[in-house]
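Colleague: Below, each chain spelled out in residue letters.
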Amino acid sequence: MQIKILVFGQLTDIFNSREIRLGVPADTNNLQAELHTLYPELADKKYLIAVDKQTISSNTTLTEGCTVALLPPLSGG
Amino acid sequence: MQIKILVFGQLTDIFNSREIRLGVPADTNNLQAELHTLYPELADKKYLIAVDKQTISSNTTLTEGCTVALLPPLSGG
Amino acid sequence: MSEKKFKNIFIEGPVTSAFVGESIAKHSAQTEIGAHSIFLGQVRKDVIENKTVAAIEYTTYKEMALEKMHQIREAIFTKYQLTCMHIHHSLGMVKAGDISLFVFASSPHRKAAIAACEEVVERIKTELPVWGKEVFEDNSYQWKENSITSKLSNL
Amino acid sequence: MSEKKFKNIFIEGPVTSAFVGESIAKHSAQTEIGAHSIFLGQVRKDVIENKTVAAIEYTTYKEMALEKMHQIREAIFTKYQLTCMHIHHSLGMVKAGDISLFVFASSPHRKAAIAACEEVVERIKTELPVWGKEVFEDNSYQWKENSITSKLSNL
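Chains as they are written, first to last, in this note's numbering: chain A, 14 to 90; chain B, 14 to 90; chain C, 5 to 159; chain D, 5 to 159.
Among the clues, some could well be false.
Below, a list of computed lysine-lysine pairs in the DSSO-like style, where the Cα atoms sit at most 30 Å apart [what the hints assert, rightly or not]:
{"no.": "1", "chain 1": "C", "residue 1": "K30", "chain 2": "D", "residue 2": "K30"}
{"no.": "2", "chain 1": "C", "residue 1": "K11", "chain 2": "C", "residue 2": "K66"}
{"no.": "3", "chain 1": "C", "residue 1": "K66", "chain 2": "C", "residue 2": "K30"}
{"no.": "4", "chain 1": "C", "residue 1": "K11", "chain 2": "D", "residue 2": "K83"}
{"no.": "5", "chain 1": "C", "residue 1": "K11", "chain 2": "C", "residue 2": "K115"}
{"no.": "6", "chain 1": "B", "residue 1": "K66", "chain 2": "C", "residue 2": "K137"}
{"no.": "7", "chain 1": "B", "residue 1": "K59", "chain 2": "C", "residue 2": "K137"}
{"no.": "8", "chain 1": "C", "residue 1": "K99", "chain 2": "B", "residue 2": "K58"}
{"no.": "9", "chain 1": "C", "residue 1": "K30", "chain 2": "D", "residue 2": "K137"}
{"no.": "10", "chain 1": "C", "residue 1": "K9", "chain 2": "C", "residue 2": "K83"}
{"no.": "11", "chain 1": "C", "residue 1": "K30", "chain 2": "C", "residue 2": "K11"}
{"no.": "12", "chain 1": "D", "residue 1": "K83", "chain 2": "C", "residue 2": "K49"}
{"no.": "13", "chain 1": "D", "residue 1": "K8", "chain 2": "C", "residue 2": "K115"}
If you're looking for bench data, these hints aren't it; they were derived computationally from the structure.
Here the structure is a predicted model, which means the values were calculated and not measured.
Put together the whole structure using the sequences plus the hints.
Modeller: Have a look at this one:
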């Protein structure tokens, strides 16, 4: 029972990886708390969370098979 | 003592020429009256007059050596 | 009655896609550029009263057009932070599907390049003494008129 | 969790000027087109704290980016009368002076082509999950940030 967490841009410097897996947290608030404990530097970073490719603006329930992505400020183009 | 009159675009169909010469009229109002007598079709056409490459918006004195241009609606680009 | 020589913008016949590509390539050494905005005018195969446009034949009042283009260029460089700007307009016959106008504005930042390019295109269409004769497939023709023509005036 | 395949916009490495030229050439058969508006993003050789940018390395969240790009494309085609629109974005290393973004909008009329091209560029910069790492000549790097990033949101 895991979820996949994709990491992009400058956040890959903190995770030293582009993808990690965690046991399924109840929701995105729980996930953030867990990530900020595991990766304290992340707490200072500006990033958005996407669940299944949709960015979220409030706490969102997570279920098995979800793909979560951590999106730092964009810089395409 | 002549002035050169340059003719462009659809007006060349009326003049059958891109350039004519006339004795120097006193001003652009006189020039227009003379042209409309010589080329009656011109009176129905929309066009601007340029004197020495500057379009005019009111009656303008003409002198020898002036170049007058008759400019129908533009269609560049 | 200045005899000043202004930069020529006119070319005989269409602007080729290869020419556009080469123009872009020339800018790779100008590494302060971050954005290019390009406008290309292409001759449409319009159908007017059952007749199909085969080509547009362009003519100009060259002395006045180059002086006007110079004034437009000066105004645009004053208004926008541009690295460079290049303009090419066809004279003579340009077939339907071919390109008759190429405006190319480059700047460190996109907003200046985009706004400058758009403004130059508008001013070319409304102020430059150029005329297009739409030649139909049966060799008859009609004179084209851009929608707004009243802006041709003294600066 | 749709498995729908969206049109790919990504290419490995820079957009070449020859590719842009060829893309333009392909449109000469589409004779209802009267105007092309093209935007090119070029990597600037910026100097930041005495270090010179040698290249930008681009990465993306591809699945999300292609879905987002599809939504943007649909919105633009609904809003503007376009004949076609093509978008190409680089991934991987793009050297200073080379092109990393190519947006190409075509329409019968200039206003639609110009406005659509500009709007797509803005939306790409602010909504597409793409990240650029500015690699300096000494091989150190910093992560680039576009000025407005808050627009990335659910549609």
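Colleague: With reference to the structure, classify each hint as holding or not holding.
Modeller: Hints, one by one, checked against the model:
| no. | hint | in the structure |
| --- | --- | --- |
| 1 | C:K30 with D:K30 | holds (22 Å) |
| 2 | C:K11 with C:K66 | holds (11 Å) |
| 3 | C:K66 with C:K30 | holds (27 Å) |
| 4 | C:K11 with D:K83 | violated (39 Å) |
| 5 | C:K11 with C:K115 | holds (26 Å) |
| 6 | B:K66 with C:K137 | holds (22 Å) |
| 7 | B:K59 with C:K137 | holds (16 Å) |
| 8 | C:K99 with B:K58 | holds (28 Å) |
| 9 | C:K30 with D:K137 | holds (25 Å) |
| 10 | C:K9 with C:K83 | holds (23 Å) |
| 11 | C:K30 with C:K11 | holds (19 Å) |
| 12 | D:K83 with C:K49 | holds (24 Å) |
| 13 | D:K8 with C:K115 | violated (34 Å) |
Hints 4 and 13 from the list above are not met by this structure, while the remaining hints are.
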